Amino acid sequence: MNEIVKKRTLAPSTKLYVVNAPLVAAKAQPGQFVIVRISENGERIPLTIADYDADQGTLTMVFQEVGKTTKALGLLEEGDRLLDIVGPLGVPAELPTSGRVLCVGGGVGVAPIYPKAKAMHRNGVEVISIIAARTKELIILEEEMRAVSSELYIATDDGSRGFHGFANGLIKKLLDEGQHFDEIIAVGPMLMMKACVETTRPYGVKTWVSLNPIMVDGTGMCGACRVTVGKETKFSCVDGPMFDGHQVDFDEAIRRCRMYLDQERTALEAWCAHGGGCR
Amino acid sequence: MTAKTKRVEMPRQDPKERIRNFNEVALGYTEEMARTEASRCIQCKKPSCIKGCPVNVQIPEFIKLVKEGDYRGAAKKVKETNSLPAICGRVCPQETQCEQLCVLGKKGEPVAIGRLERFVADFEAATGIDKPECAPPTGKKVAVVGSGPAGLTCAGDLARLGHQVTIFEALHAPGGVLIYGIPEFRLPKAIVTREVDYVKSLGVEIQTSVIIGRTLTVDDLFGMGYQAVFLGTGAGLPKFMSIPGENLCGVYSANEWLTRTNLMKAYLFPEYDTPIKCGKRVAVVGGGNVAMDAVRCALRLGAEEAMIVYRRSEAEMPARLEELENAKEEGVKFYLLTNPVRVLGDEKGWVKGLECLKMELGEPDESGRRRPVPIKGSEFVLDVDTVVMALGTSPNPIVSKTTPGLRTQPWGGIIADEATGLTSRRGVYAGGDAVTGAATVILAMGAGKKAAAAIHEYLMSM
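Protein sequence lines, in the order shown, are assigned to chains W and Y. The first sequence begins at 240 in the numbering used here and counts up one residue at a time. The second sequence begins at -7 in the numbering used here and counts up one residue at a time.
Mixed in with the good hints, there may be bad ones.
What follows is a list of derived Cβ distance ranges for each label pair [unchecked claim]:
id, chain 1, residue 1, chain 2, residue 2, range
1, Y, R363, W, A509, 18 to 24 Å
2, Y, P124, W, A386, 57 to 63 Å
3, Y, T130, W, S389, 57 to 63 Å
4, W, R440, Y, E263, 30 to 36 Å
5, Y, L260, W, L314, 21 to 27 Å
6, W, Q486, Y, G354, 37 to 43 Å
7, W, D397, Y, A182, 53 to 59 Å
8, W, R440, Y, D338, 24 to 30 Å
9, Y, R363, W, S252, 56 to 62 Å
10, W, Q486, Y, L260, 35 to 41 Å
11, W, R339, Y, D338, 41 to 47 Å
12, Y, P396, W, V330, 16 to 22 Å
Derived by calculation from the structure, the hints in this document are not laboratory data. The model shown is predicted, which means the values in this text are computed figures rather than measured ones. Glycine is no exception: its CB is placed at the ideal position from the N, C-alpha and C atoms.
Given only the sequences and the hints, what does the whole structure look like? Please build it.
The structure is reproduced here in structure tokens:
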């Protein structure tokens, strides 16, 4: 169990693992996530389930190497095992079964968008997708997304490919062109999701986001992941991770994500100093 | 004459020293101390103390063995009815249970039953734990959900009766509240591990990182061949006050505060990866044992000032007297009859103060305690940078929501028969905080025991 059966590098510092976790794979649905631990002294980190195969008993996870834990995770190879994988956690996404839906994935956020796009496409929804990234090398899962989308747009911050600008700029362009979407699902960094919901708000298009706050247990026990949604406190792990983006207090959510920045830096530096494998 | 002698004090770490470490505060009796204390027991013909014990430990009998110097025999005697004596000896509220009923307590100090229980358990562990005899295998399979005190006790008893038991634990380490909640300085994790290993030595299998209600459902368990299920899922949901500013950075639930500290060992950061942000001035809101644990953790995590903010007075505090005294000795400040109304934040979204109201006590409320009533215009601000909400917990709905036919109370507790733990579902039993709401380790163990007996009867009649 928990063995990495396939490792792919999707972009510099973005890795895809297919792991053997039959119990979780049998129950996984789009929108859910797992919590992973890689060493005895390690922290518990949430990772989105990017794909799952109940027959093979496998889960696909995509992550970006940013801190100590994700960098150490990225050093594992096929055949290595994750110490713990627990899930599936979170409420499965309530996906539409008809109509026209715009799926927007920013950076590594394309990974959580993919299983939703795939499920909607299979159910007969017309899926239009945007993959956004800082630069063209960081575009991930393009072929997978193309296979489940009737139209696929690319946006890069630096204009190296596709639309020159942020994802929300491209959303605005499509809406201004008069394209109709019954719903929009935007997943990516908090700032990107905030920009997307601010863009769509005046157009009155329902916009879902999938939050990825700091978590510990992932079962509703600690409340680390609490977020204000429409003046109410929700726990992302058991009430989410998908919420109506127009109701989310993003400024608070962004601040809470940054609570441990100093310690994250300390942990990374200590690890590098001990030859952890920093590059 | 014996009644007048004082109980033997248990050595403890000096308060000035101990607030700088996470080592156990109470150090335990020596053999000599234990024998002296044991000799205070007058061996009542009709002992009252046993009636105060939710798991019926044969108290005078084990104490007699201590007095005779047969410590291992004493441990064996305790373990006939209590599979977790090293834990109970440390965290049971003996003062409201066995020791409260001790006849010596009427004129003087009761026998220190808890300290003796702890002594014999530790003595046995130090000299090698005997594996008890288990009944021959019955071929029956039982699933136990949760590895806290209720689950461990239920699993241990069922295994001794010859059943094949698997415990499913949601977290990555077994022990439940014993491992994530109660701090190292009150209950060393090595002791929890030792007790868990003992339960394993009875043949119980423990599967960690499996969430019943997510990874598998209760119905899946029956489908997998388990013939009965015990739900010992605890009361894991934190309560908040619903006051403004509660989601500021630097506000924690006690659950998160303690889980980061104990389970994830944030006090050893960066040797352990999980961080915690303990500021210079920490306010813990609440007056129970969890609040005491949280505030004492704050001191050990480096807080210059740690304080309890509680809306009633000391007399109404649910915390054990011993824990309250430990906290006072360690320099914890108490703001009693004080109720927070707002957490104040700075421009970066971090806590910079806790606005409170002074309270006075009015008429008794439904809990029988005098109701705190706000004093108009008494607002003041406590200068703090970290706030921990220790207001109690409620049962986690993950299992009840995914188990059709399992009836619950409006507040979330699983409805179970008090004598047997049987729920509204055939073959499904429940006990501990999942049924009662947050209570004590020993009550959960008592419930686990009763359920084990009922499950045994059910399985053998199948």
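Open item on the list: Taking the Cβ atom of Y:R363 and the Cβ atom of W:A509, is their distance within the range 18 to 24 Å?
Closed with: violated (51 Å)
TODO: With respect to the beta-carbon atoms only, verify the hint that W:Q486 and Y:G354 lie 37 to 43 Å apart.
DONE: Once the Cβ atoms are compared, 39 Å apart, the range 37 to 43 Å for Y:G354 and W:Q486 holds.
Open item on the list: Verify the CB-CB distance for Y:P396 and W:V330 against the hinted window 16 to 22 Å.
Closed with: holds (18 Å)
TODO: Using the Cβ atoms, figure out if Y:L260 sits within 21 to 27 Å of W:L314.
DONE: The hint (21 to 27 Å, Cβ to Cβ) holds, given that Y:L260 and W:L314 are roughly 23 Å apart.
Open item on the list: Range first: 57 to 63 Å. Now tell me if the beta carbons of Y:P124 and W:A386 are that far apart.
Closed with: Holds: the Cβ-Cβ distance is about 60 Å, inside 57 to 63 Å.
Open item on the list: A range of 57 to 63 Å was offered for this pair. Does it hold for the Cβ distance of Y:T130 and W:S389?
Closed with: About 60 Å separates the Cβ atoms of Y:T130 and W:S389, which means 57 to 63 Å holds.
Task: Whether the CB-CB distance between W:D397 and Y:A182 falls inside 53 to 59 Å - done: holds (54 Å)
- [ ] Given the hint of 41 to 47 Å, check if W:R339 and Y:D338 actually sit that far apart at their C-beta atoms.
- [x] Holds, at about 45 Å.
Task: W:R440 versus Y:E263 beta-carbon gap, inside 30 to 36 Å or not - done: At 46 Å between Cβs, range violated.
TODO: Note whether the CB distance of W:R440 and Y:D338 lies within 24 to 30 Å or breaks it.
DONE: Once the Cβ atoms are compared, 28 Å apart, the range 24 to 30 Å for Y:D338 and W:R440 holds.
TODO: Kindly confirm whether 56 to 62 Å is satisfied by the beta carbon distance between Y:R363 and W:S252.
DONE: holds (57 Å)
Task: Pairwise beta carbon distance, W:Q486 to Y:L260, judged against the given window 35 to 41 Å - done: 39 Å Cβ-Cβ, so the 35 to 41 Å window holds.
Checked against the numbered hints above, the structure breaks hints 1, 4 and satisfies the rest.
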